Amino acid sequence: MKSYLILIALFFTFTINAQDSIKVKAPRVVMQQHLNIPIEVNSVAIKLVKVLNDSRCPKNVNCIRAGEAKVLVELIEAGEIIKRKEIIIQAANHPDNYPLIFEDRTTKVFAVDLLPYPIYNHKTEVKDYIFKVEVR
Numbered sequence: 076m077k078s079y080l081i082l083i084a085l086f087f088t089f090t091i092n093a094q095d096s097i098k099v100k101a102p103r104v105v106m107q108q109h110l111n112i113p114i115e116v117n118s119v120a121i122k123l124v125k126v127l128n129d130s131r132c133p134k135n136v137n138c139i140r141a142g143e144a145k146v147l148v149e150l151i152e153a154g155e156i157i158k159r160k161e162i163i164i165q166a167a168n169h170p171d172n173y174p175l176i177f178e179d180r181t182t183k184v185f186a187v188d189l190l191p192y193p194i195y196n197h198k199t200e201v202k203d204y205i206f207k208v209e210v211r
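Using our numbering, the letters of the sequence shown correspond one by one to residues 76 to 211.
It cannot be assumed that every hint is accurate.
Stated by the list, open to error - The calculated label-pair distances, taken between Cβ atoms and stated as ranges, are:
(1) V99 <-> K134: 35 to 43 Å
(2) I112 <-> I157: 29 to 37 Å
(3) P174 <-> H109: 14 to 22 Å
(4) K134 <-> K158: 17 to 25 Å
(5) V104 <-> I139: 31 to 39 Å
(6) V104 <-> N135: 29 to 37 Å
(7) M106 <-> I163: 16 to 24 Å
(8) A153 <-> P174: 39 to 47 Å
(9) K158 <-> N137: 18 to 26 Å
(10) R211 <-> I157: 31 to 39 Å
(11) N137 <-> N117: 40 to 48 Å
(12) K202 <-> E155: 24 to 32 Å
I should point out that these hints are in silico values taken from the structure, not numbers from a laboratory. Just so it is clear, the structure is predicted and the values come from calculations on it, not from any experiment. Every residue, glycine too, gets a C-beta built ideally from N, C-alpha and C.
Whole structure, please, built from the sequences with the hints as guidance.
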């Protein structure tokens, strides 16, 4: 009988300890906007100004490397451009490697993607580009 009580006590001890060790990550917020329309993050607006180069490997094509897209981004605060920055978005990118666009005391903003993804024999119109950012 004693061994059952000890076993039950150990079971509850492990269960309680396991529940205390659960960590919850902060949510990641993804926002997107078309070319020349700002994305507001805190007191700063981030605007995709121009797609400088899009060498990502198109869908339905076999490429040696996945490629990248290079974009020009403006950071605007109080209606004034505080910085222009070239960002390189890798075609095959992991969330831990997203390029940092902006950082303040409480927030980090990363470049996630440039849409649409290229398609073989299809030219993407400039007005169709969408810039995706992640706020952490």
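Verification of the supplied hints:
no. : hint                      : verdict
1   : V99 <-> K134: 35 to 43 Å  : holds (36 Å)
2   : I112 <-> I157: 29 to 37 Å : violated (18 Å)
3   : P174 <-> H109: 14 to 22 Å : holds (20 Å)
4   : K134 <-> K158: 17 to 25 Å : violated (33 Å)
5   : V104 <-> I139: 31 to 39 Å : holds (35 Å)
6   : V104 <-> N135: 29 to 37 Å : holds (32 Å)
7   : M106 <-> I163: 16 to 24 Å : holds (20 Å)
8   : A153 <-> P174: 39 to 47 Å : violated (25 Å)
9   : K158 <-> N137: 18 to 26 Å : violated (38 Å)
10  : R211 <-> I157: 31 to 39 Å : violated (21 Å)
11  : N137 <-> N117: 40 to 48 Å : holds (43 Å)
12  : K202 <-> E155: 24 to 32 Å : holds (26 Å)
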